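Given only the sequences and the hints, what does the whole structure look like? Please build it.
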Amino acid sequence: MKVTLWGTRGSLPSAGPETVRYGGNTSCVELRDRAGALIVLDAGTGIRRLGSVVEREIARVDILLTHLHMDHIQGFGFFDPLYRPGLEVHVWGPPSTTHDLRTRLTKYLSPPLFPVRLRDLPCRLHLHDVPMGAFAIASLQVHAALVFHPGPTVGYRFVERERSVVYIPDHEPALGARTFPGRPRWTSGYDLANEADLLIHDAQFTEEEYEHRVGWGHSAITHTAKFARLVGARRLVTFHHDPGHSDDTLDQMARRIENASTPFELMPGQEGRSFTIGA
Amino acid sequence: MAQREIEIILMRQLASYLTVPIFVVDPAGTLLFYNEPAEGLLGRVFDEAGEMPMGEWSTIFRPTDDEGHPLEPDALPLVVALKQRQPARRALWIVGLDGVPRKIDIVAFPLIGQGNRLLGAAAVLWDVNGR
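Order-wise, the sequence lines are chains F and Y.
Sequence positions in the first sequence follow my numbering and run -9 to 269.
Sequence positions in the second sequence follow my numbering and run 553 to 683.
Any given hint might turn out to be false.
What the hints assert, rightly or not - Residues on chain Y that point at chain F, a partial pick, calculated with CB under 7 Å: (1) R556; (2) I558; (3) I561; (4) Q565; (5) T611; (6) N668.
Unchecked claim - Sample of chain F residues with no beta-carbon within 10 Å of chain Y, all distances over it, derived: (7) C113; (8) L165; (9) T177.
No lab work stands behind these hints, which were simulated from the structure alone.
Remember, predicted model here, so these are calculated numbers, not experimental data.
From the three backbone atoms N, C-alpha and C, an ideal C-beta is built for every residue, glycine too.
Now the structure itself:
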């Protein structure tokens, strides 16, 4: 599998000189299987640049949404492949308890918020309420599960030849925990992230910021590190950076959790960075 | 060790912050958790009692009606909520594991998640004479 980060910012795009190294686009990750099948994780503003480099000959694209907060769908209508007649595009995402994915997504992708309606897109669009549990896309085994975040939100685990990539961009596993981390069976996201080769995980806040934002659905970077240690992740990519955090702040946050005893390789999520997992 | 369903984890975390006694079971009826206020009614701290199957918790507290007649498990609100997937309420007597009889009012409700998944059930216990 090959993973490329196209947007690592959370909540709101944050372009500016203070964010040029880590990037200002919101959540979007490109995942390719061994054969080159394209899976797009979330449709934040980072998806626009990804769309501009998707090969013309590709026949199918799968877009997997973790949830429908604006920073994860804002770029959807600007994904160039949606406007290619005949291209098969499958969008997967969580329904709510009362509305399916199409109904929920249409609330944004229709006037007055967006000029083009879903039904008017030239591609062959298929919308799927993401199944809880395992399913397959191309050569990948995909596992989706609900995680702690306001509103229906899933994380994804992708497995190819026993190597795994786990994507949980918005997650507050410490919510309500008397001590964190607690026991694995009582920890949100544990099964998804267990022994991940690459874990891409929410690390929006500093510990001090988190104290004033409990329940917002995001993690302090220290919680992220503890979660990665609990699940036995081999590599951790911190993700969903706060829009108010400059490059220097993100450097400092990473330094605070990185030490000789950290049992995983730490890589702060940086727009444009790529990782190869497995051969 | 498999992770619990997310809704069950949330239910447990919520219960741990409430002063109302709460009792949570999984779809098979296995007791997963009761909170500190419930420990006072049931007469034993949860960490000592631990998880237990429905066949055990439905009899260990010796539930009876007002006349002292033993109640079958299927007459207990939590079992009704789980098996019939509907809320249930009943007042009954139990004998706590500390040996003290107490009359409690129980309101039980099923925990049903997206996709109509039965995740378990929860019960609010109310000490009729103590509150």
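Here's how the hints hold up against the structure:
no. : hint : in the structure
1   : R556 : holds, 5 Å
2   : I558 : holds, 4 Å
3   : I561 : holds, 6 Å
4   : Q565 : holds, 3 Å
5   : T611 : violated, 26 Å
6   : N668 : violated, 10 Å
7   : C113 : holds, 28 Å
8   : L165 : violated, 7 Å
9   : T177 : violated, 7 Å
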